[in-house]
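Asks: Spelled out from the first residue to the last, the chains are:
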Amino acid sequence: MMGHLSLSHFLVVGGLLFCFGLMTVLTRRNAVAMLMGIELILNGANVNLVAFNHYVAGGLSGQIFALFVIVLAAAEAAVGLAIILAIYQMIRSIDTAKIASMRR
Amino acid sequence: MKITTALDSTSLTTRYPKTALATTLFFMLALPFLLYVVLLLMLPFNRPEALDAVAQRLGWDLGHSPYRDTWYGVILVVEATTVSLYTAVFAGVTTWVERRIAGRMQSRIGPNRPGVFGFMSWVADAVKMLFKEDLIPAEADHLLFRAAPYFSMVGLTLPFVVLPFGESVVVADLNVGVFYLTATSAFIVVGILVSGWASNSKWALFGAVRGAAQVVSYEIPAGIAIMVPVLMAGTLSMQGIIRAQGGWPWQWFACQNPAAFVAFFITVTASLAEGNRTPFDLPEAESELVAGYHAEYSGFRIALFLMVEWANMWIMGALAVTLFLGGWQIPGVSVEMINQTRGTDVFPTWLWFGWQFVSLVVFAVKTWLLVILFIWLRWTLPRVRVDQMMALCWKYLVPGAFACFIFTLFWVMVPAPVHLVSGVVLSLGAALLLVKFALRTYKNIAQVKGARVDLTNW
Amino acid sequence: MPETVRDYIGAITDVVQTFWQGLSVTLSYMLRRPITIQYPDRTEKRVADMLPARYRGFLEVDLAVCTGCLACARACPIDVIKIAVDKDPGNPKQRVITQFDIDESKCMFCGLCVEPCPTGAIAHTREFESTVRAVENLVFRWVPDAAKPVPFYRPVKGQDAPRAPAGSLVRAYLASQVWAAPVPDWAAPAAGRDKG
Amino acid sequence: MAEPVERRILRRTSPSDEEIVINFGPQHPSTHGVIDFVTQTNGEVIRRSIPDIGYLHRGLEKIGETVSYPGYMPFTDRIDYLAAMLANEGYAMAVERLLKVEVPPRAKYLRAIAGELCRISNHWVAVGTMASDIGASTPLTHALREREAINDLLEELCGARLTFNYARIGGVSFDAPEGWREKILRYLDHLDSYIQEWDRLISLNQIYVKRLAKVAVISREKAIAYGLCGPNLRGSGISWDTRRDLAYGAYPEFKFDVPVGQGKMGATGDCWDRYAVRVLEMLESSKIVRQALDKLPEGEIMAKVARRVRPEPGEAMARVESARGAMCYYVVSDGSEKAYRVRVRTGSFMAMGIIEEMSQGLMIADLIALIASLDVVAPEIDR
Amino acid sequence: MYTNLAIFYLFALAAVVGAAGVPMSKNIFWSAMGLLSALVGVGGLYVLLSADFLAVTQLLVYIGGVLVLIIFAVMLTSQIKEIEVSNQNVGLVSGAILFVLTGTLLSYVALWAPWKVVLRPESHETSAAIGNGLLGTWLLPFEVTSVVLLATLIGAIVVARKEIKDD
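Going line by line, the protein sequences match chains A, B, C, D and E. Going by our numbering, the letters in the first sequence line up with residues 166 to 269, in that order. Going by our numbering, the letters in the second sequence line up with residues 2 to 459, in that order. Going by our numbering, the letters in the third sequence line up with residues 1463 to 1658, in that order. Going by our numbering, the letters in the fourth sequence line up with residues 23 to 405, in that order. Going by our numbering, the letters in the fifth sequence line up with residues 970 to 1136, in that order.
Derived by calculation from the structure, the hints in this document are not laboratory data. Do not rely on the hints blindly, as some may be mistaken.
What the hints assert, rightly or not - Listed next, the in silico SDA-like pairs over lysine to any residue satisfying Cα-Cα at most 20 Å (straight line): (1) B:K203 x D:G65; (2) D:K205 x C:I1497; (3) B:K396 x E:I1126; (4) B:K450 x D:R169; (5) D:K236 x B:K437; (6) B:K444 x C:L1493; (7) B:K437 x C:F1481; (8) B:K396 x C:A1473; (9) B:K450 x C:K1544; (10) B:K450 x D:R312; (11) B:K450 x D:P51; (12) D:K236 x C:Y1635; (13) B:K203 x D:R70; (14) B:K450 x C:L1493; (15) B:K444 x C:L1489; (16) E:K1085 x A:L170; (17) B:K437 x C:V1477; (18) C:K1568 x D:V89; (19) B:K450 x D:L175; (20) C:K1544 x D:V89; (21) C:K1507 x C:R1633; (22) D:K286 x C:D1469; (23) D:K205 x C:L1513; (24) D:K309 x D:Q218; (25) B:K444 x D:Q218; (26) C:K1507 x D:D174; (27) C:K1568 x D:G81; (28) D:K236 x C:I1497; (29) E:K1085 x A:H169; (30) D:K205 x C:R1516; (31) B:K203 x D:P51.
The structure presented is a predicted model; accordingly, all values stated were derived computationally and were not measured.
Please take these sequences and the hints and turn them into a complete structure.
Replies: Now the structure itself:
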């Protein structure tokens, strides 16, 4: 089993990526770092999607789903960073603990 | 006053000792030739099956050997090394070409002492840079500072995987070639960002931020403009796009479709910006940011950065040639003709190799012409400002590229004879423009009192 | 910022036109002659010989026609010229020059010393190349040995001073110099400098 | 000990986190010498930029008190090394006024010819370096090539290419050499036809125009208020030229136009106008030189002036139109062989004053364009 | 086959080590570098899963877009003056516990669940199929995505404009 590439190999990598992403989001207070964590989570999920597509489902649905996730992740990063920058302009910090109010 | 020149009566052999002549000629001709030939000879073994067949002829049973992959890997490594060497040699030679051209354009001579016509100056430069002290600012982030040039190097070498050199001379003809090329060249900007940040210098940071904004923006018009030939060829493969064109100018995509003609210029502009060449050299902007992102670099590391900058011109040129200017297509010789000469044997016939070499030369000549155009632009134009760079991208190139894209959507539905008519008209028009340009150039000399055509003083 | 369609199109055509012209200008220089003079080895004659006659290069003194009037030393705003005169011990009526130093490393080649010279003994030459390892060796000592002073020249009315051809003396002087010559004895030792 | 400029900037404003203070200089490719522009920026946008000058101060005014009157002439070369002829002429005029010496007409004409040639050569450097600062390096070498041609002419006249030391108190040091006139005329013919090529190469290049037009617009009022002079003043549309309005030397006898900024590329007084004024002034100088060569009178080139100059106690001032605007020499004599006081007012120093106000809101690249368009020369600022 | 496995471990290592660097590193720029490594590693894994189009898209969008944007944001929000752009890692212990818990769970599922694996012939020609799919079966989500992207574009511009007005 260890001699050949198998679904489990990819799933474990995907799972680890997800866990590290989760850990980043939960432990870091820097908004940019949290965004990075989210990207990691999405990547972990994507690895799973593509792996299942390759080993189980066949066809292309998994890949296309992953493609949508990538596109949306990019959009999310753009908006997220724009918001972070706007917040930084306002309160001079990107520490999420300090961003307590939606108003100035 | 009369000056003795290299071209005056004395021949090269009297002027230079034979050893200098031989060394220069070797570097000038043999080195690229050698690299090309190695690349060419590796070709047939580019896939494991071919390797099997060759081994079989030699009496090996490689197909079932556990070392089959290793052998294949060795071949790939040799190919990759050849290509990397090619980038280094190209970058070096281009610096010499650029300095000679710049010299003449500026009423100067340029480097003409090391080697014949100063050709060895690039070797001298490289050696000088290697021996210089490698300074790292005390306050810099040491590891990232050291790593940054390698990020750029990765961005330089990865695209060479799909860049064609000739009819079959390509490391790997990926079916997502064009897409891959635009994706991997983004690594260069990672190198710029990392170097700017790690230097802990305000100039470098400015350069890095400018570089990032520039590359991210110009990827969009470049990406859309690249879609025009992709639409016309119906494939993302670099070789596929070239195969869809022909050898004569009217068979090139740039002439077959008016929108592609425009898209060619958009692609060239955008790739100039992505390659940080003047007029878009904002990330280094000597007169503003001193040297921008590589302000703090010296010695071997700056040599890497400069190598990336110059070798990147090959990628820019080769991309444009592939997409719009017919790639390696030899005029009057179709791909089928070349394939027929291949023979059925594993090892192709020498005639086939000959054709490969011709196609390789055709591609190299076209790319060199574009590279010289980039050099020429650099020594003619001033630098744009940051906001103008952005405005050019978003107000002119992106809508323009998009219009070309939409136009091409309809154009591919037009019957083929129209393409031919357009090809003939556009290539004739381009030739006419070239003639007009030559006349204008001659007039420039005629109009200035005291100036005349004179090719002495080298 | 383009506001109308015409502005938008106009901006593009302007760019194309001016680039067209600019590129044609730079290309035309590929066909013209570079103005570079390949100093020093690829010129037809020595660069010093190509310079105009009035060129203000190294100062040269023809002591044979020097009247010892000190006008040059007085005219010099930065005291480059150092002249010492004395009476000839053998002939008290004859005055002699025992030292005539010109510090060419300090000289700013303004030509003010040349103008008041009554006989044209001090003059600028077209020579300008003299690389030496020790900067003190750029002090040209026109009276090399104080023990062998040079007598004053008495100008003859209505007759030009028989001056040596301009440049010949300084060329001879430079030819006698060794570029790696050590710091001369008379020079005060400079701190932290290689006396090589 | 004076407070460092950086700290002054930080004290004057309350810099926010994203604003940084960055030193353009003292060694920077586009500060045209050793000047430091302490610049507070918010990203690419400049909040303010304060010039920190004095790095090149050599006490040239003080030297005037320690050397004889004729002996100061070579030092005037060093005040403005790009237009040394004009600096020579100003000092000579001031001392002549002190001595009440009338300069022979031929000397006046020779001064005008040499001065205008020098102005052309200076403007070549000005427009060339400006193009280079904007990022085009080819025009710089072309401009330097043109300047070399003029330097050849001036070298033939007086033996030097940079620090001419040509004018003398009461005249000039050399008469025109043999065949000089023909050489000048040949060059001027070349110049008049070459300017068009220059325009095609750079002046009208759209990137260049876009980089300069409407950037750092100095209004008429501001130009006067800050005491700008020369091409910088004329770039703002004010037709003032010392050669015409306070004519001196041989200038009353010449006919020439005074080019002023007309806002052809956007706004009157922008960087492009200051640039264009310089290009046009080269053609006007060419006109003046042609007229001077035609009218060049015969006669002496030196007035009778004693070798040791001891003016009566008193003071005198002379103002010449240098390449960087009105250059004033103020010389006070106490009757001795050396001046009691020499004071020089230079155009570059005046131009430095306006930078702090004009830099506000510019982008970094615009600041470079502004400095280049003012054509400052560091030794002239610091003296 | 060992080659594939070796390549897999190479990319997996890059991905996992990089991903580990994101939460662990004190310096946010190093976190970004870790993310870079993770993204490249994942791209490599896609190639092994014969999803070449996706792999290139991963490089293009993540490296060329998202990562550059993130580094950009790091530069804009932290001062060049201070090299240590550290953040307090609050709750690292709880984070580690969480990591162990989820990690164990996911690994357990990945390794021991009875997946119905079907081996198919490898194919690397996915771009045409994906193109057809996007304009066929998945046309609606494709269109919805484009609307989302448009909204993102406008939203980002609005947020950015507000910041200019403030100045």
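Asks: Evaluate each hint against the coordinates.
Replies: Now the hints, each set against the structure:
1. B:K203 x D:G65: The given pair, whose Cα atoms are some 11 Å apart, holds under the 20 Å limit.
2. D:K205 x C:I1497: It holds: about 17 Å lies between the C-alpha atoms, which stays within 20 Å.
3. B:K396 x E:I1126: holds (15 Å)
4. B:K450 x D:R169: holds (16 Å)
5. D:K236 x B:K437: Not satisfied, since the Cα-Cα distance of roughly 34 Å exceeds 20 Å.
6. B:K444 x C:L1493: This hinted pair holds, its Cα atoms lying about 12 Å apart.
7. B:K437 x C:F1481: It holds: about 14 Å lies between the C-alpha atoms, which stays within 20 Å.
8. B:K396 x C:A1473: holds (11 Å)
9. B:K450 x C:K1544: The given pair, whose Cα atoms are some 50 Å apart, is violated under the 20 Å limit.
10. B:K450 x D:R312: holds (17 Å)
11. B:K450 x D:P51: With a Cα-Cα distance of about 33 Å, the restraint between K450 of chain B and P51 of chain D is violated, given a limit of 20 Å.
12. D:K236 x C:Y1635: violated (60 Å)
13. B:K203 x D:R70: holds (17 Å)
14. B:K450 x C:L1493: holds (15 Å)
15. B:K444 x C:L1489: holds (12 Å)
16. E:K1085 x A:L170: holds (15 Å)
17. B:K437 x C:V1477: With Cα atoms ~18 Å apart, K437 of chain B and V1477 of chain C stay inside 20 Å; holds.
18. C:K1568 x D:V89: holds (16 Å)
19. B:K450 x D:L175: With a Cα-Cα distance of about 17 Å, the restraint between K450 of chain B and L175 of chain D holds, given a limit of 20 Å.
20. C:K1544 x D:V89: It holds: about 17 Å lies between the C-alpha atoms, which stays within 20 Å.
21. C:K1507 x C:R1633: Judged against 20 Å, a Cα distance of about 16 Å means the pair holds.
22. D:K286 x C:D1469: The given pair, whose Cα atoms are some 16 Å apart, holds under the 20 Å limit.
23. D:K205 x C:L1513: holds (15 Å)
24. D:K309 x D:Q218: At roughly 16 Å apart (the allowed maximum being 20 Å), Q218 of chain D and K309 of chain D satisfy the hint.
25. B:K444 x D:Q218: Holds. K444 of chain B to Q218 of chain D sits at ~12 Å (cutoff 20 Å).
26. C:K1507 x D:D174: holds (18 Å)
27. C:K1568 x D:G81: holds (18 Å)
28. D:K236 x C:I1497: violated (36 Å)
29. E:K1085 x A:H169: This hinted pair holds, its Cα atoms lying about 16 Å apart.
30. D:K205 x C:R1516: holds (16 Å)
31. B:K203 x D:P51: Answer holds: K203 of chain B to P51 of chain D is near 16 Å, not above 20 Å.
Going through the hint list in order, the structure does not satisfy hints 5, 9, 11, 12 and 28.
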